[in-house]
Amino acid sequence: GAVVSQHPSRVICKSGTSVKIECRSLDFQATTMFWYRQFPKQSLMLMATSNEGSKATYEQGVEKDKFLINHASLTLSTLTVTSAHPEDSSFYICSPMDWEHIRETQYFGPGTRLLVL
Amino acid sequence: AQSVSQHNHHVILSEAASLELGCNYSYGGTVNLFWYVQYPGQHLQLLLKYFSGDPLVKGIKGFEAEFIKSKFSFNLRKPSVQWSDTAEYFCAVSGNTPLVFGKGTRLSVIA
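Protein sequences appear in the order of chains A and B.
Each step along the first sequence adds one to the number in this note's numbering, with nothing skipped, and position 100 is 100.
Converting from the second sequence to this note's numbering requires adding 1000 to each position, the first position being numbered 1.
Pairs of lysine-lysine, BS3-like flavour, derived with a Cα cap of 30 angstroms: (1) Lys1049(B) with Lys41(A); (2) Lys66(A) with Lys1103(B); (3) Lys41(A) with Lys1071(B).
Facing chain A, according to a computed beta carbon distance under 7 angstroms, are these residues of chain B, among others: (4) Leu1044; (5) Pro1098; (6) Leu1099; (7) Phe1101; (8) Lys1103.
Since the hints were made in silico from the structure, they are not lab data.
The beta carbon of each residue, even a glycine, is placed where N, CA and C say it ideally should be.
Please model the entire structure based on the sequences and the hints provided.
Below is the structure:
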C-alpha cells in the first residue's frame, strides 16, 4: 500500500498556541488530501478536503480560520491548528488520494495526537 | 448523504469464538465498502474492500465480509478470533466521495 507519514506523531501544547501537522505521501502523488479528526471512542469525522494548489473545502461545523490547510505540493499537505484550545485535543489523520483512483483504497497517515493543556 | 451504522459498540469474545460485526449503510448510488482495523496505538489498516463482483470478500488475517445489497449490509466475520484481533473495527462507505466511517466497534478478545 501507499506510504503516508505524519509529523509530529504526538504533540502537547499550551492553550492559545498554534500547532502545525505535516502529512507526506512518500510514494504517491496526492492530488487530493482529506483531513479527518477522531475524538476518543468516536469515529473518524471528515474535516476538510483540499486539492493541490487550491483552497480547502471544509465540512459543516469546521472553522476554516481555525484549521488552516495548505496543500502546496502533490506530496505534502499541512494542517495548522491556530490558537488551540483544550477542546481541539484530538487525533488528526490525513488521507491522500488521487481522484483518478478514488474507487481504490483510501490510505491513511499514522495520525497525530494533539493534547492542548 | 451517505451514512454508516455499526450496531455493536463493544464486543467481548473468548479466543476461538466466531465473530460477526454488523454494518449497515445508507446511500442511493453505487457504493464501495470497506472494513478498517485500528490496533491500539496504531493507524488505520485496510482489512478488506468491496467494489463489485463476488459479494463475499476475503481479506487479510482470516477476515471476510459479505455484501447483501437488499439489506444494505456489509457484515464482517471471522470464524475463530485470536487475542491479537483485539482492536477497533470501522466500517466505511464511499461513493466516489471521501470515506464515511461508522462509529466503530471495539473488539476485546480474552484468553
